[in-house]
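Sequences are here, hints too, so could you generate the full structure?
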Amino acid sequence: MEAVFILEQVLNGLLVGSYYLLIALGLSLIFSLGGIVNLSHGAFYAIGAYLGVEIANRFGFAAAFVASPVLVALIGLAVERFLFRRFYREDPILSLLLTFGMAMVIEQAIRMIWGAAPIPFGIPSWLTGVLFVGDFIYPYYRLAMLAVAALCVIGIWLLLNRTAFGKIVKAGVQDPDMVGVLGIPLAPVMGAMVGLGLGLAALAGVMLAPITGIHPAMGSQIIIAAFVVVVIGGLGSFWGVVLAACLVGVVRGLAVYFVPPAAEASMYLLMVLVLLLRPRGLLGERFKRLEA
Amino acid sequence: MATTPTFERRSVLQLAGAAALGTFAAPAIVRAQSEAIRIGHLTPLTGFLGPLGEYAQMGVQLAVDEINESGGVMDRPVELIMEDSVNPQTASTKAQRLTERDGVACIVGEISSASGLAIAEVAGRNRTIFINTGCNSDALRGSSCNRYMFHIEAANSMYVKSAGRALLRDGLVKDKRWFSLTADYAFGHDLLKVAKRFMSQHGGEFAADELVATDVNDFSPYILKIRQERPDLVISNLAGNQITNFIKQYKEYELPFPIAGFGFDTVLAWGAGADAMQGTWPCVWYHTIETPSSKAFTEAFTQRWNKPPDNQAWGDYNATKILAQAMEDTGSTSSDDLVEHLQKGAEFDVMKDRPGRFRDWDHQMVMEMYTMTPKAPAEMADRWDLMRIGEAVPAPDEDLDILAPTLEENACTFA
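Here the protein sequences line up with chains A and B, keeping their order. Read in the working numbering, the first sequence has 193 at position 193, and its numbers run on one by one without any break. Numbers given in the working numbering equal positions in the second sequence, counted from 1, plus 292.
These are computed hints drawn from the structure, not numbers from a lab. Please read these numbers as outputs of a predicted model, since none were measured by experiment. Hints may contain errors.
[Stated by the list, open to error] Examples of chain A residues toward chain B, derived with CB under 8 Å:
(1) 9
(2) 122
(3) 130
(4) 222
(5) 260
(6) 264
[Unchecked claim] Pulled a few chain B residues facing chain A out of the computed Cβ check, cut under 8 Å:
(7) 337
(8) 342
(9) 343
(10) 476
(11) 502
(12) 507
(13) 508
(14) 516
(15) 519
(16) 540
(17) 545
(18) 564
(19) 565
(20) 649
For glycine and all other residues, C-beta sits at the position ideal for the given N, C-alpha and C.
As structure tokens, then:
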């Protein structure tokens with residue numbers, strides 16, 4: 001019987017991986033292109049959730065699912081144009097301070113607009129219910145989340161690997177100066193990538209809003225886990241983030257099963273272990289401009 | 293500092309930092325007048341208890357405004373100084389500043405049991421009365437009790453015994469197996485201890501008791517474990533936003549096992565929403581309680597803040613009113629006079645059928661408590677009318693004292 005329970009936790013961990021993946025993917029994208037460690041990523045996740053609730057209450061969940069990420073992506077374009085763009089070539093500590101400040105300003109703004117108390121929001125009725133596979137239990141909503149995460153992964157992979165846009169992005173990641181010398185403007189690409197990254201954060205916000213508390217600090221609670229996933233996967237590695245998200249989900253599930261008090265610590269232990277054995281993360285690439 | 297001719301770089305930086313903080317974190321002085329009686333208010337505004345702190349501030353502001361509108365205390369205006377207590381270290385520093393620099397007559401507030409202890413230590417040292425409005429740990433009334441600290445917030449024991457009575461009535465205790473989830477910090481550990489005592493006294497057992505970190509967002513592995521254990525009852529000893537997260541996700545999995553909790557705040561029920569809310573929970577006060585003072589408070593609060601008050605606002609509002617009344621009754625703002633007056637068992641209208649009073653040996657207010665369960669959506673008048681309030685406990689013919697920790701359970705000696 002015990003083996004069955006463990007298997008159930010492993011499968012659930014893979015499902016929970018989609019939860020971590022949605023949050024970490026955008027963070028990884030923004031870092032890999034601009035070298036900006038976006039500490040305000042969680043804040044945009046929170047904005048996505050709050051906008052999602054406002055839109056869903058008026059036009060339904062499906063509308064929120066589309067509109068909230070698009071709105072936040074548009075905000076992302078402005079953030080890139082007026083804030084991030086000044087910091088690509090500066091000392092990374094400056095963009096850290098910038099995004100840390102942004103996170104605090106956004107969290108406080110949310111507190112002023114919506115109040116500190118959590119606001120209610122449930123799973124839309126057409127996504128409630130559970131699916132039994134044998135004796136295993138899977139809520140439809142989590143399966144929908146898995147589908148959304150999978151579609152995001154496929155979509156972004158196609159964008160990066162099968163389009164001209166993706167070729168510029170990949171070249172820009174490796175050597176922005178050479179891309180410039182070749183006469184290809186990187187600025188609009190950067191804008192689009194930041195918009196995409198923050199839009200993904202908002203998508204995670206909308207998707208998680210029905211199953212977590214919606215409160216001003218929700219972003220700062222999630223950001224650490226997102227960073228852990230990105231670091232384990234390897235900074236800038238696309239498949240690394242996917243792998244790390246699943247791994248964190250599984251390890252946490254097993255920790256809850258075997259050593260519950262260490263459940264939250266397990267992802268950090270995993271990170272320490274990975275960094276000791278492989279300092280650039282599981283699938284981390286070498287960065288010309290980040291290495292001497 | 294003045295005696296040392298050379299400043300160390302670090303001290304200068306610390307001073308500069310403190311000065312900068314002082315400028316930005318200027319206390320919210322609501323009304324400044326000479327001869328005013330100053331009340332200091334500390335509560336966490338950020339972090340996982342922040343949602344409750346917001347209501348605490350609304351409650352205390354309303355109380356002070358009402359006191360001033362009706363002529364103040366002993367014909368003197370009341371001045372409120374409110375600050376974010378942040379964490380135990382900051383709470384201690386700010387309590388010190390309030391008592392030593394601002395000369396407050398009393399301190400009201402706090403929610404975190406750890407910060408509450410820090411404030412009590414400062415209050416005790418400076419002989420300033422402190423009414424705790426939100427810290428539940430029994431230890432604050434027992435091993436860490438303090439002559440200058442009073443508790444309008446119910447102790448963990450009171451919450452456990454209130455909800456426990458409902459569970460006993462529903463046959464969910466004797467020979468039953470509980471699966472409990474407990475917030476992994478001071479409050480949760482204290483609550484789990486009290487819950488275990490209750491269980492062993494009444495012939496139940498724990499299938500499992502899991503400690504859960506305060507920053508957990510995804511409860512699915514715990515929910516699967518609950519499903520594997522098949523308990524008779526799931527018990528939440530969780531705190532703050534954890535409760536909202538857990539309730540929403542437990543609903544998602546549609547498990548058949550009933551849930552109940554030993555610690556709760558209505559703000560969290562409102563945050564979970566009508567769809568997800570379930571289970572049996574204890575509470576100290578709810579805005580649909582129909583006593584005259586309860587109705588008046590709810591009306592005034594709703595008019596002022598556009599939403600009804602929660603149990604936290606109730607605590608800070610009543611603590612402030614109690615202090616004002618005690619000052620009027622004794623004709624004094626001296627903390628020693630006030631402590632003596634409250635210890636003598638003065639009774640106060642706390643918006644319930646029976647008045648409450650502070651016990652002399654641990655300063656816990658003994659009063660009626662309630663349990664609540666969600667209403668059917670069709671019965672809700674609005675999104676705040678979420679819960680149905682059960683009968684008050686203790687029953688009208690019982691001693692108010694029976695819920696609070698006994699001397700044997702939680703001995704306290706005022707040094």
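Do the numbers back the hint for residue 565 of chain B, that is, is its least Cβ distance to chain A under 8 Å? 3 Å, holds
Restraint satisfaction for residue 476 of chain B [CB to CB of chain A, less than 8 Å]: The hint holds - residue 476 of chain B has a Cβ within 8 Å of chain A, the shortest such distance being about 7 Å.
Would the hint on residue 649 of chain B stand, with a C-beta cut-off of 8 Å toward chain A? 31 Å, violated
Residue 337 of chain B as an interface hint toward chain A, with CB separation required under 8 Å: 7 Å, holds
Can residue 222 of chain A be said to touch chain B, with a Cβ gap under 8 Å? Hint holds; residue 222 of chain A Cβ to chain B Cβ min 6 Å, cut 8 Å.
Is the shortest C-beta separation between residue 130 of chain A and chain B less than 8 Å? Holds: closest Cβ of chain B sits about 5 Å from residue 130 of chain A, inside 8 Å.
Supplied contact hint for residue 9 of chain A, tested at 8 Å Cβ to chain B: 6 Å, holds
Agreement of hint residue 507 of chain B with chain A interface, Cβ distance less than 8 Å: Hint on residue 507 of chain B: holds, closest Cβ of chain A at ~5 Å, below 8 Å.
If you take the shortest Cβ to Cβ gap from residue 508 of chain B to chain A, is it below 8 Å? 6 Å, holds
Regarding the hint that residue 260 of chain A lies at the interface with chain B, is the smallest CB-CB distance below 8 Å? Since the shortest Cβ distance to chain B is 4 Å, the answer is holds.
Residue 343 of chain B as chain A interface residue, shortest Cβ-Cβ below 8 Å: 4 Å, holds
Interface hint for residue 519 of chain B, Cβ within 8 Å of any Cβ on chain A: 7 Å, holds
Of the hints listed earlier, the one the structure fails to meet is number 20.
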